[in-house]
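S.K.: Spelled out from the first residue to the last, the chains are:
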Amino acid sequence: DSGVTQTPKHLITATGQRVTLRCSPRSGDLSVYWYQQSLDQGLQFLIQYYNGEERAKGNILERFSAQQFPDLHSELNLSSLELGDSALYFCASSASGRLDTQYFGPGTRLTVL
Amino acid sequence: AQSVTQLDSHVSVSEGTPVLLRCNYSSSYSPSLFWYVQHPNKGLQLLLKYTSAATLVKGINGFEAEFKKSETSFHLTKPSAHMSDAAEYFCVVSKNSGYALNFGKGTSLLVTP
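Protein chains in written order, with this note's numbering: chain A, 1 to 113; chain B, 1 to 113.
A couple of the hints might just be wrong.
As the list claims (entries may be wrong) - Calculated pairs, DSS-like style, for lysine-lysine (alpha carbon to alpha carbon, straight line, at most 30 angstroms):
#, chain 1, residue 1, chain 2, residue 2
1, B, K95, A, K57
2, B, K69, B, K49
3, B, K69, B, K95
4, A, K9, B, K69
5, B, K105, B, K58
6, B, K58, B, K95
7, A, K9, B, K105
8, B, K42, A, K57
9, A, K57, B, K49
10, A, K9, B, K42
11, B, K49, B, K68
12, A, K57, B, K69
13, A, K9, B, K68
14, B, K58, B, K42
Just so you know, these hints were derived from the structure itself, not from any lab.
Start from the sequences, fold in the hints, and give me the full structure.
M.R.: This is the structure we're talking about:
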C-alpha cells in the first residue's frame, strides 16, 4: 500500500458527461501528479501540483482540469467526455524535493460508453 | 527532452531462469531513471531508481539495474525468476525525481512453470 488513495475505483459514464476523480496524497506529501494510462497512448503525464499551485503540464486536454486544495488532496475534472477518454487515471505524490520518489495510487478506471 | 525505449514488448522466461528487460534512454540532461512494476489490476510500484550515485542499482524483490552511459542503457535484471514476477514493467526517465515521469511502453513479463 503506497499511502496514496484514489476514489472512485471504477467509473462508468456516457459521452458528453463530466466526472471528477479524487486523490489524497501520502501524509506530508506536497506534490501531486496525474497520469493517464490507455492502450494506445500508454502512460502519459497530465499535470502536477505543488502545495496548491500548478507546477507542470503535460499532455492534458483543454477539456480536462485539475486543482489541489488546501488540505493537499487533488481533483481531476474531465468534461465533454469522449469514448477515447476511457482509461486508467493514476495519481502519484511525492514529498517536495527534486530527489523524492513518486508513489502511485491504485488508479481510477474510467469507462465512457 | 527525455525518453525511453523498451526494446521488448513481451518477454517469456521459465521459473528459476534469469530475467533481462532491456531499456535504452535518451536525455539531454544527466537523467534520473526508474523501473516500475504493475501487477494485473494493481497500481504502479517502484522497483528501483538511479539518480547519479552508484551505477549498479539494487531494488526490491531481487531486481537490479545497471546504468551504462556509453550505451545509454538501463537494463533490468534478476538472477532467478519467480512466478510472482509476472507483470508489466516500465522503464521511466525524468529530468529529476521531482519532475514528471516519462514512461516507456512497457514490457510484459511472462513466467512459465
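S.K.: Each hint: holds or not?
M.R.: Evaluation of the provided hints:
no.	hint	result
1	B:K95 with A:K57	holds (14 angstroms)
2	B:K69 with B:K49	holds (15 angstroms)
3	B:K69 with B:K95	holds (15 angstroms)
4	A:K9 with B:K69	violated (40 angstroms)
5	B:K105 with B:K58	holds (23 angstroms)
6	B:K58 with B:K95	holds (21 angstroms)
7	A:K9 with B:K105	holds (23 angstroms)
8	B:K42 with A:K57	holds (25 angstroms)
9	A:K57 with B:K49	holds (23 angstroms)
10	A:K9 with B:K42	holds (11 angstroms)
11	B:K49 with B:K68	holds (14 angstroms)
12	A:K57 with B:K69	holds (29 angstroms)
13	A:K9 with B:K68	violated (39 angstroms)
14	B:K58 with B:K42	holds (23 angstroms)
When held up to the earlier numbered hints, the structure conflicts with 4, 13 and fits the remainder.
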